[in-house]
Amino acid sequence: MNINELNELIVKLDKDLPKKILDGKEVFDFKDSNIVLGVACIVVYKDKMLIMKRSNKVAVFQNKWAVISGHLDCVKPIKEIILEEIAFKLPIIRNFLSYSIN
Numbered sequence: 028m029n030i031n032e033l034n035e036l037i038v039k040l041d042k043d044l045p046k047k048i049l050d051g052k053e054v055f056d057f058k059d060s061n062i063v064l065g066v067a068c069i070v071v072y073k074d075k076m077l078i079m080k081r082s083n084k085v086a087v088f089q090n091k092w093a094v095i096s097g098h099l100d101c102v103k104p105i106k107e108i109i110l111e112e113i114a115f116k117l118p119i120i121r122n123f124l125s126y127s128i129n
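Numbering (our numbering), first residue to last: 28 to 129.
Some clues are possibly wrong.
[Claimed, not checked] Capping the alpha-carbon separation at 25 Å, the derived lysine to any residue pairs in SDA-like fashion look like this:
{"no.": "1", "residue 1": "Lys103", "residue 2": "Glu35"}
{"no.": "2", "residue 1": "Lys58", "residue 2": "Pro118"}
{"no.": "3", "residue 1": "Lys46", "residue 2": "Val71"}
{"no.": "4", "residue 1": "Lys73", "residue 2": "Lys46"}
{"no.": "5", "residue 1": "Lys106", "residue 2": "Asn90"}
{"no.": "6", "residue 1": "Lys46", "residue 2": "Asp56"}
{"no.": "7", "residue 1": "Lys58", "residue 2": "Asn83"}
{"no.": "8", "residue 1": "Lys39", "residue 2": "Lys52"}
{"no.": "9", "residue 1": "Lys75", "residue 2": "Gly97"}
{"no.": "10", "residue 1": "Lys103", "residue 2": "Asp50"}
{"no.": "11", "residue 1": "Lys58", "residue 2": "Glu107"}
{"no.": "12", "residue 1": "Lys84", "residue 2": "Lys39"}
{"no.": "13", "residue 1": "Lys39", "residue 2": "Ala67"}
[Claimed, not checked] Simulated DEER-style distance windows between Cβ atoms:
{"no.": "14", "residue 1": "Lys73", "residue 2": "Ile30", "range": "34 to 42 Å"}
{"no.": "15", "residue 1": "Glu35", "residue 2": "Asp56", "range": "19 to 27 Å"}
{"no.": "16", "residue 1": "Asn29", "residue 2": "Glu111", "range": "17 to 25 Å"}
{"no.": "17", "residue 1": "Val71", "residue 2": "Lys39", "range": "26 to 34 Å"}
{"no.": "18", "residue 1": "Lys47", "residue 2": "Lys84", "range": "40 to 48 Å"}
{"no.": "19", "residue 1": "Pro45", "residue 2": "Pro104", "range": "16 to 24 Å"}
{"no.": "20", "residue 1": "Glu35", "residue 2": "Lys91", "range": "27 to 35 Å"}
These are calculated hints, taken from the structure and not from any lab test. Idealized CB from N, CA, C, for every residue including glycine.
Assemble the whole structure, with the sequences as input and the hints as a guide.
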């Protein structure tokens with residue numbers, strides 16, 4: 028699946044997913060949904076892959092090692108979602124990030 032197909036899928040699923048207002052913005056409400064949209068980001072630098080230990084405060088897989096991941100809050104281009112998730116979890120400036128989707 029290429030980046031355009033991913034963006035089209037997110038827009039299509041947006042029509043079927045329940046939403047709620049949070050901080051004045053419309054966001055997905057996965058509470059009672061059988062669909063959850065998420066992203067997992069594999070960060071590679073100098074042939075090394077970054078994994079992070081999950082907090083003991085998260086709902087699932089506490090204290091387990093994982094790649095950077097998160098839920099989609101609303102419809103955005105997939106590139107923006109990926110960069111936001113990495114920037115949220117790591118103190119990295121977006122301009123230094125490059126990405127590929129395989």
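Results of checking the hints against the structure:
no.	hint	verdict
1	Lys103 x Glu35	10 Å, holds
2	Lys58 x Pro118	30 Å, violated
3	Lys46 x Val71	34 Å, violated
4	Lys73 x Lys46	40 Å, violated
5	Lys106 x Asn90	28 Å, violated
6	Lys46 x Asp56	5 Å, holds
7	Lys58 x Asn83	21 Å, holds
8	Lys39 x Lys52	19 Å, holds
9	Lys75 x Gly97	21 Å, holds
10	Lys103 x Asp50	17 Å, holds
11	Lys58 x Glu107	24 Å, holds
12	Lys84 x Lys39	33 Å, violated
13	Lys39 x Ala67	20 Å, holds
14	Lys73 x Ile30: 34 to 42 Å	25 Å, violated
15	Glu35 x Asp56: 19 to 27 Å	22 Å, holds
16	Asn29 x Glu111: 17 to 25 Å	20 Å, holds
17	Val71 x Lys39: 26 to 34 Å	30 Å, holds
18	Lys47 x Lys84: 40 to 48 Å	22 Å, violated
19	Pro45 x Pro104: 16 to 24 Å	22 Å, holds
20	Glu35 x Lys91: 27 to 35 Å	32 Å, holds
The structure is inconsistent with the numbered hints 2, 3, 4, 5, 12, 14, 18, although it conforms to all the rest.
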